[in-house]
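Fit chain X to the given chain F structure using the hints.
Heads up: the protein sequence lines correspond to chains F and X, in order.
FYI, the numbering for the first sequence is 1 to 497, going by our numbering.
FYI, the numbering for the second sequence is 1001 to 1440, going by our numbering.
Careful: at least some of the hints might be erroneous.
[What the hints assert, rightly or not] Sample of chain F residues lacking proximity to chain X, with all beta carbon distances greater than 10 Å (derived): (1) N76; (2) A229; (3) R439.
[Stated by the list, open to error] A few chain X residues facing chain F, derived, Cβ under 8 Å: (4) I1042; (5) E1198; (6) A1321; (7) A1338; (8) P1369; (9) L1370.
Bear in mind the hints are in silico, worked out from the structure with no lab data behind them.
Because the structure is a prediction, the values reported are computed rather than measured.
Just so you know, even glycine gets a beta-carbon here, dropped at the ideal spot from N, CA and C.
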Amino acid sequence: MKLIYEKSSPGRRASTLPSYDVPGVEVPPELAREEPPRLPEISEPELVRHFTELSTRTFGVDTGFYPLGSCTMKHNPRVNERVVNLPGFRDLHPLQEAEGAQGALELMWRLQNELAEVAGLPAVSLQPAAGSQGELTGLMLMRAYFADRGEQRHKVVVADTAHGTNPASVTMAGFELQKVETDERGNIDVAHLREMVDGDTAGLMLTNPSTLGLFDEHIEEIAAIFHEAGALLYYDGANLNAVCGISRPGDMGFDIVHFNLHKTFSQPHGGGGPGGGPIAVRDRLEPFLPVPAIVREGEAFRFDYDRPKSIGKVRGYYGPFGVFVRSYAYIRSYGPALREMSEVAVLNANYLLARLKDAYDLPFDRLCMHEFVLSARTLKKEHGITALDVAKRLMDYGFHPPTIYFPLIVPEALMIEPTETEAKETLDAFADAMLEIARDAAESPDVIKEAPHDRPVRRVDEVKAAKRAVVKYGFEDHPDLTKESSEARELEAQKGA
Amino acid sequence: MSQLSLTDRDREEMLAAIGVSSVEELFRDIPEGVRFRGDLDIESALSEQELVAHLEELAAKNVHTGAELSFLGAGIYDHYVPAVVDAVMQRGELLTAYTPYQPEMSQGVLQGIFEYQTAICELTGMDVSNASGYDGATVAADACYVAKHVTGRSKVVLAEAVSPQVRQVVKTYAPGFGLEVVDVPHRDGATDPDELGEAARDAACVIFQQPNFFGVLEPAPDLAAAANEAGALSVAHVDPLSLGVLEAPGAYGAALAIGEGQPAGNYQAYGGPHYGFIASRADYVRRMPGRIVGETTDVDGKRAYVLTLQTREQHIRREKATSNITTNQTLLALAGLAYLSWLGPQGLREVGETCMGLAAYAKERLGLPLLFPDQTTFKEFAVRVGRPAEEVVREACAKGVHPGYALKRDYAGVEDALLVSVTEKRTPADIDRLAEVLAT
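Excised from the complex, chain F in its bound form (with noise of 0.2 Å):
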């Protein structure tokens, strides 16, 4: 398929624009444009069949089952996008007087307080973008805090299992890392815990359940051990699809939690983005939230800025606010009866889990909850068929691949979630699937080596790619990358979560 840029032709163009009869103005030469940026040029025709074709070539939840393990890739209700479309929402200004804003604000005053319920913790703040930034915006109320207090705690201990967003996170507020392991049932090793919680230490980050699917059976005592120290505990949210209405975070212990709207919430993932990150917080830790926060008086609602300890502001405005309407719109359609979602997800979790363990490695015998990690450890060594390989034979199935090589203390992962929303029958035909494929490699490797075959690609040269570092289209002198040999150097590296 060609870039867009290679079906430009001069002269033609998509748009139209309309002319007023006003007299122009000249730039100032010397901050005059030159050279016009090389746009492309292209009727609208054209456009649109570009971008449908880039589309076609794209697998969404839309298109088939996408069990991509703690990415909770669940349908996204049609619903949501129809109201996250109607004018009051999109084409409002973010300065627009609150007057001129109740209803949007009303909008993010009830989403607050939901979240908060499912956290079981009272504040709320929802403008971190993502999950990401909700992580290092929790850092930094860690620092406020412990600033505020006159204390002064440079440690942040983060579990092996962990996503490699809480390690970023933490040296990016300015904290040190670090690491606790796992236990050989899949928990926190509290013994290893216990030798490295001290005066030092300003928090914990955990995913619970892990990015194992597995919930942490001593969460009580690890949440113990960081208060007695003086510490506070973090809660990574990418997991909360499994215990919605189950077990709250703030019960847990958890002193901040951040949620992936998402995720758990239904945003669609738009091929890497948007997202939101909502934190929600514990008493003492409210005045350090962001700014602006959103209060209700009477009938009314206003910001406030007037927060004297806040950390200050971490996005633009108010949040993602889209996102905002969406995830409302979507928990109001399960009401109080969110925990469904999620007991149907752990549900399809073990069932999957049951059909596929005999197959494959499984490194902690337990029951799971959203999600399951394999291992294709013995099909390795026996065939040398690895995780790689099954992910690139599931799309010949039609099947978006599990991720794949994490967590990184389980050799050859294969982290499957399938959420709630899918049917049996497409969990059998994923289970039929992944068992073929534990079958053909003992009988037809090649084919499972070889695949995909019926992708608009096969397996690609990444190895290429990081080394030419080709990352925008050079025109006239763009390089061609097929006169250059290349191999199938797909790196066996995580891929997803």
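Same frame as chain F, now just chain X:
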């Protein structure tokens, strides 16, 4: 529940296959002490029809830019969004895909991001763009993190005429980065290159905005040169829709170009989601934050696209990553690509010229004293209304005209200043109406 697909019979069969007797049993690993036993205190469930009615009711309480005559800008603008953008945003495959970790499943979105990166590089005159940042404010914090690592210095210089949203976000991030923030005041609405250069002497980077928050054209080439001479990275925060008429930051020597993508192809949406863009010279490619798509080939030598330079990123490099950013704003960035492709280079230039012409007409037609009379402006400008601007806003809104942004909300000593924004959606007749309302 319409979102769930299991029948009662499915559930029974599945529980039997798992070897448990109830769903409850699946949660046995959760300690009793942390189980939630009540009902969530969430308002009752709504059917789809009721849900739509409820949200329509909330939406109706908002005064959107189609319901009044709006001259509100100050960072988010009511530019026209063409129908092709809606068509792109509604493609289910693009809407409901995750980050393209598996390139064979995601060639479309990967190619789209590659085309977006190209468009941003063309607009800004830079060598490399990432796949998008959260918004126009957080990309400024990203730029500071790049500069800290490139220069090893620990100070950031912010021109006061940079958007308050941007400045506030940089100030929130800076302590964690170990960076001190220094403001350089504006002089009559523009930044003085000598003053900026002086402040930049031991700085990691200098951030200025073109056109600046007051709509004023900064001496951007001189500002970039002053920063560069001081050994700081010059970071230009630019309006993408100005870049058909205003010079590209890369052409005047800026090290990084950043900005808010909303004016180019995103609805206002009460502040988001939108896309922030960040682009740099080739020197800093390995320090860039977030996703970057690169070209390569598949095993048959066929052209292909893939997420690349991933050793910068959190999922590979963890605590040593160049950023923690993971989820970005891909769909909004693709909307931006569709919009810029719709415009083309000539359309981009025309939009810029039209906005500038209309704004000049408005200046003259309003006949109010300008806050910065000696400056050239782009699509917005500040006037003095002779009494508290917030009062004027209130009165005008009651007449169905939003006259602009009261600068007092962010700057001291400008009680009576109103920042008026004019996009191509406002006609000369609309401007006449504004003049009429402000004259009374």
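Checked hints:
1. The beta carbon of F:N76 sits about 5 Å from the closest Cβ of chain X, which is not more than 10 Å, so the claim that it is off the interface is violated.
2. At the 10 Å boundary, the C-beta of F:A229 stays outside the reach of chain X, the nearest C-beta of that chain being 20 Å off.
3. The non-interface label for F:R439 is consistent with chain X: the shortest C-beta to C-beta separation is roughly 20 Å, beyond 10 Å.
4. A distance limit of 8 Å between C-beta atoms decides the matter here; for X:I1042 the minimum to chain F is near 5 Å, and the interface restraint holds.
5. A cut of 8 Å between beta carbons decides the hint on X:E1198: the least distance to chain F is about 22 Å, and the hint is violated.
6. Residue-level restraint check for X:A1321 holds (minimum Cβ-Cβ distance to chain F is 4 Å; threshold 8 Å).
7. Here the hint on X:A1338 is kept, as its CB sits about 6 Å from the closest CB of chain F, short of 8 Å.
8. Using the Cβ-Cβ criterion of 8 Å, the hint placing X:P1369 at the interface with chain F is not satisfied: the shortest such distance is roughly 20 Å.
9. Among the interface hints, the one on X:L1370 is violated; its C-beta lies about 15 Å from the nearest C-beta in chain F, farther than the 8 Å criterion.
Violated hints, listed in ascending order, are 1, 5, 8, 9; each of the other numbered hints is respected by the structure.
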